[in-house]
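What follows is the residue order along each chain.
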Amino acid sequence: MDEEHKILESMVSDFVQREVSPVSKAIETQGIPQELLSKMARQGLIGATVPQDLGGSDLDRLGYVILLKQIAMESPSLAFLILMENSYVMRVLEKAESGNDIIKKIAAGSETGTVTIPTMLGIAGMGSLEAKAGRISGTIYGILNPSARIHVVCISPDSFYVVDGGYKVSSFLEQLGFRGMKFSSVSYDFDVASSIHVEHRAKDLLEDSAIGIAAIAIGISYGALNRAISYSGERKAFGHYLREFQPVAFTLASHYMDLDITNEYLMSLASGPKDAFHENFIKAKALDLAISISRSAIQIHGGYGYFVDFGVERFYRDAMFLKNISGDHMRDMERLSDLIFGETVKRI
Amino acid sequence: MDEEHKILESMVSDFVQREVSPVSKAIETQGIPQELLSKMARQGLIGATVPQDLGGSDLDRLGYVILLKQIAMESPSLAFLILMENSYVMRVLEKAESGNDIIKKIAAGSETGTVTIPTMLGIAGMGSLEAKAGRISGTIYGILNPSARIHVVCISPDSFYVVDGGYKVSSFLEQLGFRGMKFSSVSYDFDVASSIHVEHRAKDLLEDSAIGIAAIAIGISYGALNRAISYSGERKAFGHYLREFQPVAFTLASHYMDLDITNEYLMSLASGPKDAFHENFIKAKALDLAISISRSAIQIHGGYGYFVDFGVERFYRDAMFLKNISGDHMRDMERLSDLIFGETVKRI
Amino acid sequence: MDFELPKYIEDYRKKIREFAVLEFTDERRRYYDEHEKFPMEEMKKALSLKLVDFDDPWKLMVAIEELFRVDPGMGNSIISYSFGSEILKMYGSDFQKKKYLDPVLRGEKIMGLGVTEPVAGSDVAGIASRLSKNPKGGWILNGSKIFITNGMVADFFLILAKNDPPLSKKSHQNMTLSIVEPTMPGFSRVKMYGKLGVRATDTAQLNFDDIHIPDENVVGEPGKGFYYVMTFFDISRVYISAQSVGIAQGALDSLINRASADPDIASSESIQFAVAELSTRVDAARLLTYRAASLLFDFKPDPVYTSMAKYYSADTAVYATDVALRFLGLPASVTSLERLYRDAKIMEIWEGSSEVEKLVIYRTMMKKIGDKDGRGA
Amino acid sequence: MDFELPKYIEDYRKKIREFAVLEFTDERRRYYDEHEKFPMEEMKKALSLKLVDFDDPWKLMVAIEELFRVDPGMGNSIISYSFGSEILKMYGSDFQKKKYLDPVLRGEKIMGLGVTEPVAGSDVAGIASRLSKNPKGGWILNGSKIFITNGMVADFFLILAKNDPPLSKKSHQNMTLSIVEPTMPGFSRVKMYGKLGVRATDTAQLNFDDIHIPDENVVGEPGKGFYYVMTFFDISRVYISAQSVGIAQGALDSLINRASADPDIASSESIQFAVAELSTRVDAARLLTYRAASLLFDFKPDPVYTSMAKYYSADTAVYATDVALRFLGLPASVTSLERLYRDAKIMEIWEGSSEVEKLVIYRTMMKKIGDKDGRGA
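Protein chains in written order, with this note's numbering: chain C, 1 to 348; chain Z, 1 to 348; chain U, 1 to 377; chain X, 1 to 377.
Possibly wrong hints are sitting among the right ones.
Part of the chain X face toward chain U, derived, beta carbon under 8 Å [claimed, not checked]: (1) Leu5; (2) Ser260; (3) Ala276; (4) Asp283; (5) Leu287; (6) Ile369.
Okay, the calculated beta carbon distance ranges per label pair [as the list claims (entries may be wrong)]: (7) Ile369(U) x Phe277(C): 51 to 57 Å; (8) His35(X) x Met366(U): 33 to 39 Å; (9) Tyr193(X) x Gly125(Z): 51 to 57 Å.
Over 12 Å on every C-beta distance to chain Z, these chain U residues come out as not near it, computed from the model [as the list claims (entries may be wrong)]: (10) Lys37; (11) His172; (12) Met184; (13) Ile271; (14) Gln272; (15) Pro301; (16) Pro331.
Just so you know, these hints were derived from the structure itself, not from any lab.
Note that the Cβ used here is the ideal one computed from N, Cα and C, for glycine as well.
Construct the complete structure from the given sequences, taking the supplied hints into account.
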């Protein structure tokens, strides 16, 4: 890491410790406080990847990864909001005619945005949208952050609408992870002519977000592992610190190694130009690691780990939810195999 | 990788394809042919890390890793001989008064060397040596390449003797892996005064060899995986190429990813200065990977994989043998935990 | 050898399953989970139907399996009202059986068992609660307990405490169980909110501040409490193992249902393999559980087999929910499967963590290995 | 339910174990492994002692388990002389039983079964060997078989071939089993050297060049060979599963023996956990195996349970030898444990790879799932 990125890391880390850490548990039940969003916006942390004249920080890939990772160590919910806004919402807005005005509002933290992830990922059975007589309508199950003002609606693999109004949040669903944001069914019904239309390949958005997803997964892993490591040095059982027991020590050491190796790979990819092929690898690997490390972290905390108060259980939920909201397991594996072998894996 | 190392890689790879590949199976039953050693010596590949004026190539860490990896893809036995000579035998000889003469012979391929690995690793139950009345004697079980002329005998954690004669190979043992070299009990009985004594910390030798061990493990993994990938595209079952079946494709893809991530880490460590802490990680991780990938490689080859003719089963044997001959599983985990947590894991 | 349950048990299984499927509606499951509320109504209903037969341990085990298969939180609340009753059955006085145990068995009262403390989780010998002789007669209890199931709803608790002054130098021989009622002066309790899963299960922290315990509320012999609790764990761990089997089966059900309903899913060999692997593990866990149960119900409990069953089944529950959720993805993130995923994790923790189970297996096994001819020798 | 084997079987287990420990000396095990030689002498000895009781399937299963626990290569050679005999028992003619089966059962002859071919491994329907009607009477066999156990030592083989011209359009209904003797003109065989493990087991490639097969050597009905072989696999896979359990137990034995002998090893919690985890898995594999066996021996074989047992036990054998070898390290790299490690791998491959087992589990299970009340529904 060069000097510039080290400074960024230390700045973000300080901010997270000071501003996010104290409210990270509250975020899970009460949502992300407007005050925090405003503070982040002032530091340019919300519009992380958008130009400075739009209120962003114009971070490069490595900077973006550093930011998401540090935030995810304390609040995966918040990190995912930043990712959703930067990697999806604002990327679509960039291409829209009056998009910059909306980008400015989002970067300023005065509005938030969301995207219809199920249709963007092409997940079956989560609703669909229909175009008829100049209107687009339908219900999508599973919109994260539905109370956002700006909805980016993906209606086909390469077509989006930006909707401000024209949707109704119909029912909240208690979802596995990222509970700092609501999750719900949203009914859309908007006029095509008066909505902003953008052509953009969903596939590109997803590909470009892979290192961001990986960064959040790595952040979750560090968040969970660091807590497990400190707890193992504070808590005693049978007269000894947990860490003095071989199985505890070896499990933690093994996670620590895996995480270091995976993190290095992420940082090295993020330092280079876009490399969709290898970025698939890091995404898959980091997600697996986050699930496995957060499971161990709960286990090491024993009964306490099972309670929200200790701030560990949410990593377990968020890790799996991140996996599921960032892709379809089987489809991702099929794509990976296709990329590696240069031919299509068949359904036989 | 810079230009210089790319050239080295391609040179070694060509050499391996041309000279090692055709004899790699024969090596397993008949040993490493003298002719091959001579050819390698002429290219400076045996004295890989020793100065050019001693007949070596003076490779840096990265070059050494590249060399071992490429050789191990075809012949792990041969790769381990090179490692044993460079990382142990010649490292001790460097410090000996007339060591350079012996180094020259080894680098020239006219002599080979070995080291008493069990005592160097401090493995209990494999024999010991006793100093008495100016002589050192005892039997060590498990000397690899016992027919070597030069035996480097580790008699304590920081003391070695270089012995040329003064030992007797008492019985051959059929060992799990690296069958290109013999494995046997050796009885030592030599005069202290007339033998070369070198003070050197065994711990340093082991630490320094970690990336080399990792390189061989990664080479084994690539050797096994590449064969499995090609076979899966040639062999049909139930009317389809194996690779067309999801479970085969996903298993291979998953190994491919893991290997890429681990290899990157190795290459990046090897490109930097010595970093004993992280080199422990890569060693542990690469060994695990080699065992797991070689198991899958046999499975994908089916019945054929179980036979020596297909050249896959030896990777499975060599991977586990490499793990066991390069350290003690539990001791290694203890050291790792100690390094990570800065305190000693207790036996409770 | 005989690996089949008698037909009357399998018939009973169907009955229980019908109840669970009918009563544990999506809506109710979601409600009790979201609100972290004890399903008193469903519990009363199950009681009034005399659904759970506590007199036939096989039936009880199968009931647990089928209830947890549908909803662990609600299922646990329905069967756990008598949690700890085996201790009173085995060691309670006539007075205690009449006053405390019988109303529980009639379904009129709810009980709880207090062992775990803030500083002593799986390490039972490390508890700090103290029971002292009251010079004026009876005993005085001080201390606190956490993670106590039925903590807010129970009518009385069996509480483990250390004797002070000690009855023995060995801490295992210095613990006593006594019956504590929430109405006793000095008793207080606080509901513990925010569990990852099994949220319909009621959990609380209990505090004892100079509670006067009458002599007749001491269970069995003073100083033997640790052994009573361990004997109980030999029993309860078999049931916990059945809980885990139920959860794992529930996760497998979702995968199978999905494959049955969706040809695109069914055509994936990857899913086919996952179903095959999970089915095998679930069956392995079930067989380990039934073996432990069969010994226990025959009054020959074997701690090795019991701990094997509990550890393996818990691991299987977590593994099965993990695999199923990966494959079913985002649509499953708001369904009963995501709840099972959260519920499953407690199986590796409560009533002896998996780490403790492994130590029990190793230590007990190595003790047995005098017999050189046996397996494992 | 009853999870215990009858005492007479457990007594028999001890007898078999004594034989294995006594006869399979370190020296012999190493010799047959190194030289890839069939242990004819030990086989004859076991025969002369009438050690293996082929009439009691439970005894046979336990014998396999105990022999493989000590040495899979030698163990297999001792019990596999009648490999495939179940087919003749079920489908052979009186003539075939008298001429071929009886001498095998008396231990006078060795037999083999030829199914696998160079281009068709687990895919039995893909074989290329051809059996054609000879206009002059009888049949003509052409083709080849590989990986044939007892290939060099067997006195006759059951060979699966496709009928040419076809008897049916469905390839499953177009295969026929016939008895082939090495003395028949056109028969040749080549020993296959260089196996990773089970090297005392004899393995060969067989070649058939216009072999004349008399009519009386055709087993059962022409065209039904595939079903005969599949029925046999339903039987043999249970025994393969027992082989794997034996290997896994053997690996666990080494770890336990080491922990018993060395206080430094025993004091490691990491080893203690490994022993606990392995014991649990070995027991799970054993229970799955015994369940499949109990159904099979009761003439109700269940392919789901059989495939579960075989796949899981094979995985356990590989896993157990892997873990044990990691912990015991370099000193174990020249012992029977390293041999077990090499032997274990074949369990995932022979008589239906683990991949095929998983497909059988899935497909057969999904077919059963009309019954909505049952488990897995």
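Interface hint compliance - Leu287(X) to chain U, C-beta minimum distance less than 8 Å: holds (4 Å)
Ile271(U) non-interfacial with respect to chain Z [C-beta, more than 12 Å]: violated (9 Å)
Closest C-beta approach of Asp283(X) to chain U relative to 8 Å, hint status: holds (6 Å)
Whether the CB-CB distance between His35(X) and Met366(U) falls inside 33 to 39 Å: The hint (33 to 39 Å, Cβ to Cβ) holds, given that His35(X) and Met366(U) are roughly 38 Å apart.
Chain Z versus Lys37(U) - minimum CB to CB distance exceeding 12 Å, so not interface: holds (42 Å)
Cβ separation of Tyr193(X) and Gly125(Z), checked against the hinted range 51 to 57 Å: violated (33 Å)
Status of the stated non-contact between His172(U) and chain Z (beta carbon gap over 12 Å): At about 18 Å from chain Z, His172(U) clears the 12 Å cut-off, so the statement holds.
Hint validity - Leu5(X) Cβ closer than 8 Å to any chain U Cβ: holds (6 Å)
Exclusion check [Met184(U) not at the chain Z interface, CB over 12 Å]: holds (39 Å)
Chain U contact restraint for Ile369(X) - C-beta distance below 8 Å: Status holds, d = 7 Å.
Status of the hint placing Ala276(X) at chain U (closest C-beta pair under 8 Å): This hint holds: Ala276(X) lies near chain U, its Cβ roughly 4 Å from the closest one there, short of 8 Å.
Cβ separation of Ile369(U) and Phe277(C), checked against the hinted range 51 to 57 Å: holds (54 Å)
When the structure is compared with the earlier hints, violations turn up for hints 9, 13, 14 and for no others.
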